[in-house]
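As given, the protein sequences belong to chains A and B, one line each in that order.
Residues in the first sequence are numbered consecutively from 928, following this note's numbering.
Residues in the second sequence are numbered consecutively from -12, following this note's numbering.
It cannot be assumed that every hint is accurate.
As the list claims (entries may be wrong) - Which bits of chain A does chain B cover? Going by a derived footprint, with three or more residues having C-beta under 8 Å, they are:
1. 995 to 1002
2. 1016 to 1028
Stated by the list, open to error - Derived DSSO-like pairs (lysine-lysine); straight-line CA-CA distance at most 27 Å:
3. B/K407 / A/K944
4. B/K(-4) / A/K1076
5. B/K418 / A/K1061
6. B/K427 / A/K1013
7. B/K(-10) / A/K993
8. B/K418 / A/K1133
9. A/K1032 / B/K4
10. A/K1133 / B/K427
11. B/K418 / A/K1013
12. A/K993 / B/K418
13. B/K201 / A/K1054
14. B/K116 / A/K1016
15. B/K1 / A/K995
16. A/K1076 / B/K(-10)
17. A/K1014 / B/K6
18. A/K1040 / B/K4
19. A/K1032 / B/K6
20. A/K1014 / B/K5
21. B/K1 / A/K1054
22. B/K(-10) / A/K1040
23. A/K995 / B/K5
24. A/K1054 / B/K407
25. A/K1013 / B/K5
26. B/K1 / A/K1013
27. B/K(-10) / A/K1014
28. B/K418 / A/K1135
29. B/K6 / A/K1016
30. B/K213 / A/K944
31. B/K(-4) / A/K1032
Stated by the list, open to error - Pulled a few chain B residues facing chain A out of the computed Cβ check, cut under 8 Å:
32. Q(-3)
33. I208
34. I209
Because the hints were derived from the structure by calculation, they are not lab data.
A virtual CB, placed ideally from N, CA and C, is assigned to each residue, including glycine.
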Amino acid sequence: MEIFSARNVDKTFATTKALSDVSISVNEQSIFGLLGPNGAGKTTLIRIINQITAPDSGEVLLEGRKMKGSDVARIGYLPEERGLYKKMKIGEQAIYLAQLKGLSKQEATRNLKHWFERFEIMTWWNKKVEELSKGMAQKVQFITTVVHKPRLLIFDEPFSGFDPINANLLKREILNLRDEGATIIFSTHNMESVEELCDHIALINKSKKIVDGPTDEIREKYKQNIFEVKYKGEFEEVEKALGQKMKILGHAESEKENQLTVQYLNGDSNNKLIQQLLPVAEIISFEEIIPSMNDVFITAVEESNKK
Amino acid sequence: MNKTLLILKQEYLKRVKKKSFIVLTLLVPFLFAGMFALIIFLSINNDKEERTIAVYDESQLFLGELEQQGYTTFHFIPEEEYNELKSNLKESDFYALLYIPANIYSANVAQLLSVKQVPIELSEQIERKLSRFIENDKRQKVVEETRIPDLEDRLAGTKTSIKLNTLKISESGETKKSSSTIAFIASYVMGFIIYFFVFMYGSMVMRSVMEEKKNRIIEVIISSVKPMQLMAGKIIGTALVGLTQVGIWIVLGAVALGVVQGLFTPESAQQMGQSIMESQSAMSPAASQMAGQNQVTEVLEMIGNLNLPLILFSFVFYFLVGYLMYSSLLGAVGAAVDSDEDAQQLVFPVTIPLILSIMLLFPIAKNPEGPVAFWGSIIPFTSPVSMLARVPYGIPTWELLLSMFLLVLATVGAIWVAAKIYRTGILMYGKKVNLKELIKWLRYKS
Chain A
928 MEIFSARNVD KTFATTKALS DVSISVNEQS IFGLLGPNGA GKTTLIRIIN QITAPDSGEV
988 LLEGRKMKGS DVARIGYLPE ERGLYKKMKI GEQAIYLAQL KGLSKQEATR NLKHWFERFE
1048 IMTWWNKKVE ELSKGMAQKV QFITTVVHKP RLLIFDEPFS GFDPINANLL KREILNLRDE
1108 GATIIFSTHN MESVEELCDH IALINKSKKI VDGPTDEIRE KYKQNIFEVK YKGEFEEVEK
1168 ALGQKMKILG HAESEKENQL TVQYLNGDSN NKLIQQLLPV AEIISFEEII PSMNDVFITA
1228 VEESNKK
Chain B
-12 MNKTLLILKQ EYLKRVKKKS FIVLTLLVPF LFAGMFALII FLSINNDKEE RTIAVYDESQ
48 LFLGELEQQG YTTFHFIPEE EYNELKSNLK ESDFYALLYI PANIYSANVA QLLSVKQVPI
108 ELSEQIERKL SRFIENDKRQ KVVEETRIPD LEDRLAGTKT SIKLNTLKIS ESGETKKSSS
168 TIAFIASYVM GFIIYFFVFM YGSMVMRSVM EEKKNRIIEV IISSVKPMQL MAGKIIGTAL
228 VGLTQVGIWI VLGAVALGVV QGLFTPESAQ QMGQSIMESQ SAMSPAASQM AGQNQVTEVL
288 EMIGNLNLPL ILFSFVFYFL VGYLMYSSLL GAVGAAVDSD EDAQQLVFPV TIPLILSIML
348 LFPIAKNPEG PVAFWGSIIP FTSPVSMLAR VPYGIPTWEL LLSMFLLVLA TVGAIWVAAK
408 IYRTGILMYG KKVNLKELIK WLRYKS
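So here's chain B without its partners, still in its complex pose (with noise of 0.2 Å):
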C-alpha cells in the first residue's frame, strides 16, 4: 500500500475512532437544535405569572377603563392606601404599584414602583395601555370640536405599516425574495465555522507533529517515508477527519430540516405565526393583519433560496485550501519547537490573520460590499473566513475567482516554507527556534 495512504488511513481512524470525536460530532448538532428550540419556545411562551397592580389614579381618568391582561390584573385604591403602599410594597400582595399623576394628559408620566425588575413586555404594555386611552380620548374631542361626521373611521383609515419584501436579482436575471437577515446569520455562521474549522483542525496537525517529535518517534518514522509523506498524510487524513465531521453535521441537519419542514405545515405553521403575532397584536392593528402572513414557511424559503450549492462548494474550497495553508504551516511550527511554551510563541504570528479575520466578520457581514469586506476576502491570508462571510450575500464571479486564485497561490507558497521547517525541525532538539532561525532553515539545502 501507498505509505502516505497507509499514514493517512492511520491518522484518519486514530482520531474518528477517539470518543471525543464521536460524542462531539453527535453533540453538536442536538446542542445546536436544543439552543435554538430553547430560543422559539422562550419567545411563544411569554411569562404566566400572575400579578396584580395596585392603581392610584390621581387623574380619574382611568377607573374601569384598565382591564385584566393576560395574567396581570388592575387593582385601584384610593390615596391613602397609596401612601400607605408606597412605603411597605414589599409586604403587601400586589407586584407593583402604578402611580398616574393627575398631569398625565399634558405630561405624558406615569410611574410604575416595583420591588422586582419589571419584565419590558410588562412596562410597555401597560404604556401601550396607558397611550391608547389618552390617544382615543383626544381623539374623541377632535372629533367632537370639528363635527366632521365619520372623521374617526377616516383617520384609522389613514393609518400605513409597510413592510419591506426584499428581492434580490441573481446573476441570470430572476428575482428571489431574499433577507438580509438570513444572509447575515448564514454568513455569520459560514465565516465562524470556517474560522473554527480552520484552526481547531490545523492545531490538530501541530499537536500530532509535536507528538511524534516529542515522543521520538518521528526518527523511526522518518527511516521509512519521506517526511513529504508523512505531512501529507497527515494533513490529508485530518482534513478527511473534518469533512466527516462536516458530512455527518449537514446530513443531520438536513433531516433536522426535514423535519422541521413536515412540522410545520402551511396550517400549522400559520397557526404557530399567529400566536407569535397575537402577544404583538397590541402594538399595532398593522401587525395582526401580518399574521396572516406564513412566517415560518417564509423563513424557510428564503433558506432555500440561498444559493445552497454555490455556499456548499465555497464552503469545501476555502474549508480545505484554506485548512491546507494552515495546517501546514502549524505543522510546521509543530516541528520547529520542543515545547508547548514556544508552540504558543510561534503559534501566535502564524494564527493573527486568522484572528484578524474573525475580527472582521461582523463589519464584512453587516457590509458585505465594503472595502474592508473586499480587501479581506481577496488577501490570502484573510479570505478564507472573509469571502465565506460574503458568499451568502451574492458574490461576483471575478472576484471570487480571483481571491481562490490568490488563495491556492498562497497555499503553495506557504507549503514550500513548511515543507523546509518541516524538514529541519523535525530533528532539531533543544534549540531556541526563533522567526530568524527559521529564515535561515529555509535556505537549506535539502
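The following block holds chain A by itself, in its conformation from the complex (with noise of 0.2 Å):
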C-alpha cells in the first residue's frame, strides 16, 4: 500500500536544476533510502515533502491525497543540520517543539515523559541544552522528531554526527518504529545502514533518479557475475583450465582448502564455469557475490556521469 509519493517533481533554485522530473513511491510500513551524491538533490526533495520550499511543478501526495499545510502534524522530520535552543530547558523546549506539530500541552508531556524514561534521561528534564553534550542532545532531537507519533519520519542523514553508540540506538528504533506501523524515508552515505535497513531505494544524481527499486532486486540487477569457489586441487591447473575468458580478480591458498574469486565474462554461464573446474578441482562450495550497496551506488553513479 503506498502511503506517499511525489510525482514529477521539478525544482530550480535561480540557474541551478536542484530535481528534474523525479518520482518516488514510498510503500505504508516501509523503510525507503534516498541515495545520492552530495548536492544531488536528496535535501531538496525532502525538503519538499516537509512542505518548507514548493516544487515548481508536480506534486507530493500523502495517503493518496495532496499533501497540505496540516499534514506537518504527521510527518517527523530530523534535518541533516540539526540543533536546539541553547538556553531553553530540555523539557519545556521538548514540549513546545511537539506543540508546534499540534500536539496539546499535556499530551506532549505524557508522551514525552515516556520517551525520556525510555532513553533514561529522564534527569536531564530540567537541564539546559548548552549543559549537553552533542551525542545527548542527539537524543533529546530524536525525540522530539518522533513524540507526535508521526506516519511519516524524515532523516536527512541520520546518522551524521551520531556516534556509534547512539547510530546503533537510532537503528534499532528506527525499526521499531516501522514495525509499529510507521513509513521512514531517509537520506544517507552510509551504505551498510541501507543494506541492514532500506527495503527500497531510490539513487539520485544530479538532480535526476537513476535506479529506483526494492533493495535485493537492485542488488541482483547489479551483480556482476562474481563467484566465490572454495575447491581442492592446484591453483596453477585452475588457471590453465578457466582459460582467458574468466577473470581470475583474487585467490588463497591454505592448507584446508584454496578459495578463488572469479568472475566470467559475457556469454559465459554458472554452468560453464562449473563444468571447466570440474576436471582440475574438487568444489566445496560454490558462492555468487551481490554487489554491496556500496557497489551498487559507486557503479550507477559512474555510469550516469559517462551519459
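Build the complex from these two chains, which are given one at a time in their own frames, with help from the hints.
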C-alpha cells in the first residue's frame, strides 16, 4: 500500500536545477532509502516533502491526497543540520516543539515522559541544552522528531554526527517505529545501514533519479557474475582450465582448502564455469557474490556520469 | 492552539521571564526618578562651604559695606598684607583674594584671585554686590545733583520685569497654558523613547532569528510551521514585551506623579518655590515677586495641559508600526546572514534612516513647524521618531493622518520584502550575502 508519493517533481534554484522530473513511491510501513552523492538534490526533495519549499511543478501526495499544510502534524523530520535552543530547558523545549507539531500540552508532556524514560534521560528534563554533550542532544532531537507519533518519518543523514552507540540506538528505534506502523524515508551516505534497513531505495544523481526499486532486486540487478569458489586442487591447473575468458580476481591457499574469486564475462554461464572447474578441482562451495550497496552506488553514479 | 499564538507566547514568556528584563524594567524608572531627584537636590541645596575672602580695597569705598552673605565672609586687609598674600595665598586660610582697584568707579573691573576654581554663583554674587553698591552710590549722587524729591523712589518704580505666559489655542478653540520648554522636553523624550524602543526591540527580533538559524533549529521549526507564522509570532511577541515594559513604566510613572503631586500640596510647593527663589532673589527685586507663584504646581499643570491622550495614542501607534517595519527588515537581515559580522554590514543600511531621525530630533524639537520637521515626520522611515517629536507641540490633523497612512503603506511594503528575504535566507548557509544577492531573492517564487 502506497502511503506517500512524489510525482514528476521539478525544482530550480535561480540557474541550478535541483530536481528534474523525480518521482518516488513509498509503501506503508516500509523503510525507503534516498541515496545520492552530495548535491544531488536529496535534501531539496526532503524539504519539498516537508513543505518547507514548494516544487516548481509536480505534486506530492500523502495517502493518495495532495499534501496540505496540516499534514506536517503527520510527519516527523530530523534534518541533516539539526539543533536546539541552547538557553531553553530540555523539557520545556521538547514540549514547545511537540506543540508546534499540533500536540496539546498534556499530550506532549505524557509522550515525552514516556520517551525520556525509555532513553533513561529523565534527569535531563530541567537541564539546558548548553549543558548537554552533542551525543546527548542527539537523543533529545530524535525524541522531538517522533514524539507526535508521525505516520511518516523523514531522516536526513541520520547517522552523520551520531556516535556509534547512538547510531545503533537510532537504527534499533527506526526498525521499532517501522514495526509499530510508521513509514520511514531516510537519506544517507552510510551504505551499510542501507543494506541493513532499507526495503526500497531510490538513487538520485545530478537532480535526476537514476535507480529505483526494492533493495534486494537492485543488488541482484547489479550483480557482475562474480563467484567465490572453495575447492581442493592445484591453483595453476585451475588457472589453466579457466583460460582467458574467466577473470580471476583473487585467490588464497591454505592447507585445508583454496579459495578463488572469479568473474566470467558475458556469453558464459554458471554451468560453464563449473564445467571448466570440475576436471581440475574438487568443489567444496560455490557462491555468487551479490554486490554491496556501496558497489551499486558507485557503479550507478559512474555510469550515469558517463552519459 | 494556533501556532502563531504558540510562538508568540513562547517568545513573549522567554523574554519577560528573563532576569535582565525584570531588573531593567523595574530599575529604569527608579534611575530616572533618582536622576531627577538628584538634579532638584543639587539645585536647591547650594554649596555650604564656609569661605572667607580677603579684600584689599584700594578704592576705600567698600569698607564695612561687604557683609557676610550666607556662608561667605569678607575680611578687609591692608596693602602690605595683600602684597604678601598674593604670593602665598595657598598657605593662608583665605579662600580667595578680592582686589578692588582705585579706579573701580570708572573702570568697572575688580579682580578675584583664588587657588581653586571659584563657583560661578560666588563670583556672580560678588559682582552683584559690587555693582549694586556702585549703582546705589551713583544714583545717590544723581539724586543729590538734581534735587528732585523722591527721585529715588520714582526711579525704582520704573523697574519692570515682564514674565511671558505662553498660551496655546487648541483646535477646539480653548486656550491653555502651555510651556514650550515642557513641550520641548516632552518631544525630545518621546522621540528618543521611540528610537530606543524600535532599535532595541527590532534588534531583539533580529538576534532571535539569527539564533534560530545559527542553532540550526530553524529547519525543524519551519517543517512544523510556515515561516510567516514564525516571523509573525516572533515580531508580535516581542512587541508585546515592549508594550509590557512601557505599560509598567507608565503605571509606575503615574504612581510617582501622584506621589509627587501629593507631596507638593500648594503650600509646600509654594515653600519650595520660595526656597528656590530665595537663592536667586538677589538677582532682581521682581524675581522675588515671582516666588509667590507656585512654580511646581504650574509645571504639573502644564504637563497636564499637553494633549496626553493624543501623545499616548501616537506613541503606541508609531511605536507599533515603526517597530513592525524595522523589526521585519531586521528580521530579514538576521535570516540573510550567517555571522554577526555580516549582520553588522546589513544592519547599517537598514538603520540609517532611524539614526538620521535621531539626529534630526534636536532641530525638530526646536522648530517643530519647519521644513525639516515636516518632511522628517512625513517620510515613513524617519516619521516614527520625527512625528513623535512634533506631537507634544500640537500637530495639524491632516499631517498626522498623512504620515500615519504613508507609514502603514511603507510597512506593508517592508513586510513583503522581508518575507521574501526571510523565506530564502533562513535555509541559506555559507553564502556571503550582499545587496545584489538580496535583490535576486526578491524575484524568487515562493
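* **Violated hints, by number in ascending order, as checked against the structure** => 6, 12, 14, 15, 23, 24
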